[in-house]
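For reference, the chains in residue letters:
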Amino acid sequence: MEIVLVGNPNVGKSVVFNSLTGVGAISSNYPGTTVEYLKAEVLMGGKKVTVVDLPGLYSLTAGTEDQMVAARMLHSSRPDCVLVVADATRLEPSLVLIFQLLELGYPVLVAMNLMAVARKRGELDIKALSSILGVPIVPTVAVTGEGMEELVKALVNCESRPSDFRVSYDSHIEAYLEVMKRGLGEISLKYAPRGASIKLLEGDENFTEGVPKELPQQVRRLREEFRKEHKEDLEVHINRDRYGEAGRIISEIVHPRPQPRTRGQKLSDLTMRPATGIPIMFGVLIGVLLTIILLGSWLEGMLLTLYGDLIGNFFIDLGNAIGGDIGPALASGLNLSIQAILAIVIPYILLFYLILALLEDSGYLPRVVVLLDSVMHKIGLHGQAIIPMLVGMGCNVPAILATRVIESRREKLILATIIIMAVPCSAQMAVIIGTVGKYGGLVYVAAILLILLGLVLLLGLLLHRALKFEPTSLMVEIPDLSVPRSRNVITKTWMRVKEFFLVAFPILLVGSIVLELLSAYGILQSLVDPLSFFTVGFLGLPAIIIIALIFGVLRKEMSFQLLIVLFGTADLASVMTVEQLFVFALIMATFMPCMSALAVMIREYGLKDSLKVTFASITLAFALGGTAHFILSSLL
Amino acid sequence: MVSENVEEYLECIWELTQGGTPARTTDVAKKLKVSPASVTEMMQRLDASGHITYEKYKGATLTETGMEIGSRIKRKHRLLERFLVDVLGIDNEKSHDEACRLEHMLSDESERRISQMMNNPTTCPDGDPIPALDQLCLRGPDDDSSVLSDLDEGSQGVITHLSCDDPQKIRRIIAMGFVPDRCLKVEEKLPLGGPILVKVGDCRVALAKEYADLVHVNTKRRCGKRQRHRGG
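Chains as they are written, first to last, in my numbering: chain A, 6 to 641; chain B, 650 to 881.
Treat the hints loosely; a few may be bogus.
As the list claims (entries may be wrong) - Listed below are the simulated SDA-like cross-link pairs for lysine to any residue, each with C-alpha atoms no more than 20 angstroms apart in a straight line:
#1 K679(B) - T666(B)
#2 K818(B) - R225(A)
#3 K236(A) - M716(B)
#4 K834(B) - Q264(A)
#5 K236(A) - S795(B)
#6 K818(B) - T477(A)
#7 K848(B) - Q264(A)
#8 K838(B) - R225(A)
#9 K834(B) - D485(A)
#10 K848(B) - L370(A)
#11 K848(B) - G282(A)
#12 K838(B) - K236(A)
#13 K236(A) - K679(B)
#14 K236(A) - P685(B)
#15 K838(B) - H382(A)
#16 K271(A) - K848(B)
#17 K705(B) - P685(B)
#18 K848(B) - P265(A)
#19 K858(B) - S798(B)
#20 K838(B) - P265(A)
#21 K848(B) - K383(A)
#22 K233(A) - E717(B)
#23 K838(B) - Q264(A)
#24 K233(A) - T712(B)
#25 K233(A) - T666(B)
#26 K707(B) - L737(B)
#27 K383(A) - T771(B)
Claimed, not checked - Here are some, though not all, of the chain A residues that point toward chain B, as calculated from beta-carbon distances under 8 angstroms:
#28 I131
#29 V241
#30 G249
Hints in this document: simulated from the structure, not taken from any laboratory. Only a predicted model underlies this, so the values are computations on that prediction, with no experimental measurement involved. Note that beta-carbon positions come from the ideal geometry of N, C-alpha and C, so glycine has one too.
Same shape as in the complex, but just chain A (with noise of 0.2 angstroms):
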């Protein structure tokens, strides 16, 4: 049995998903969140159930790429059930995706989700609007995990039994319809007759496919003899009754009680209002980051206190008994891996993450891409793009795969760029805190935090000029604010920061340990010294530092990782100047994308654009790095 999840944008499809299959999808607080679709096989009720949870869509006939591909994977599969996840604070739009479905004739359940907050604005009569639409209606608090088990009962029993519902359109649309499904005549469609002649006369490519050919030029004449005669187009009115529609069911179903303004209203409106909402806007971003600086700090030094206190001289000792060459190496290998973990994941990107969740469930980032809106047309992007921007402040990884939610692909892979090159995600953030951060403060820190945001408007303004055409317009939907709920904050961290421990410790520990043993065989400085014109003549780093710029391409915070194993300590100020930490720093922020990245981006945008991007960024990365060398050497 196969279960396809549909529903608007933001509804909380992927908290029903996650809490029907028990595997993380990541939601947050504002539309775009999914945008591939995520499988998963279960148990339900004894059967072995497949659910999938497409991307949001508004419209089964839409406008977007992104809603097009979802429309796609529902033409695609031939679901048992599709289940419906409709917001019952914005009924209409979810009832006109109800009616698009039931046209179509697919056996639909629909689950009503964000009860707690509906029931608060007023009466909601699902037991009605059951009836009026002639399918089961589940209401949900999916959050909470209200009415889950209900759904999942009648998930199992999901009959297809095709509700006899129709929208009644315009008597001469009904008139097409007929006209249309005569010209259908006996061949057999995936859909039920009624909803492909609608798809039909909306011109929807989706549905065109294998009917006569004749058809869609008798609809290119219908449309034109109903524009004549309406003075509107025939899709813009199809839409018009589809609303009329679901208005005239709400009229009958919905109660609502006059709502006196909440706090939370006025200080949605103060978040939006620019006098208000710029001030706001630097005051979080400036908050965020003293916070992951500050805090961030303050969580390693305790940490690595309490570590070193805990252990004594364990390592050591095991270092002997193990005995050897060998012993010593291994266990400061061990030793210093999980120093390095302490020093990095916990305290700058857990933080970090801890933050990014807040921020998106608590709905404030879509505030942010109307405020900036404008000043990001300057860079040729809209403020849409802002988004990507800011999850790849976490990881760029799936911040590349967020790019799908822009349309053009001129300004995707301006954004794509400007992210892999410009945008530092929080490994490089805990290399620029956790080097020259910690030891030349935080006036460091901010000057390469200009530099790139700097890099950030001079990369879009060259590509805007570069990559020719207009720029796309924004056209997003602005959720409430809410209160973001533990649960999903804390579970969304660490689906997010697992593989730092689950997939990089192991790499970081083997790294390490190999690098102990070839420094304590002394053939380390033989491998490093070749190139020392560079990293010493160049860049006046320490020549050992080209090690850790290589496992930085593996992953960016092994750099900073693997210079604790390299130098033996985590006292970085003992080995190194806080203008070599600087160079290190800045060089690490704008270097290539990590091999992850990389392989979403050749994924994405394929291989050509990619290692253009990389070799730009390497060269960058450099350039910069060479030149503040230069400079700071020359001032000092």
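With chain A fixed as given, assemble chain B onto it according to the hints.
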């Protein structure tokens, strides 16, 4: 289908009538580099076929069908110029001649895709406006309406119609709930040409001027009162 020659005439007349005055035979002759006599003859034929209205000493004005063809060809012409210059890097001079020939072959579908690929440019390389795809664009029956992007903060109204140049864009705004007869309220207009925040139904949408320009709203009609449509 009309012949290339007819298209060329209609395009020329379209351009000459942009100032609001009829196109004179001599101007058409000069522009198309043909003799005034053959222009007069053609004008009479076009009048007979219902593409223009021709008055002997005043000149020609386009009928609705003539307008549709003339502006469409001009649109294709300028769009192609833009395409040749921007995408292929051909210089302005050459692009004009080439566009002149290509405009008659270009299918509507390819025209739409070229326009989309370049994100619907509105001017040609010389800065002249590219005529919008007007055949979808219809003045609504409601003449009291104003364009959404012109409304002040706080104003409310009912959507009367959508004027459209690109079916893709229309689908997008329909999908966001901008559909005739629905109510909306302008909540916030961001400065510096920023987006407009609109509450439509229960949803709040931020949309750029480009989209807001397509939505026509009557602020005098009361919200909440739905017009029943015939048929329903």
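| field | Enumerated hints in conflict with the structure, sorted upward | value | 8, 12, 13, 14, 20, 21, 23, 25, 26, 28
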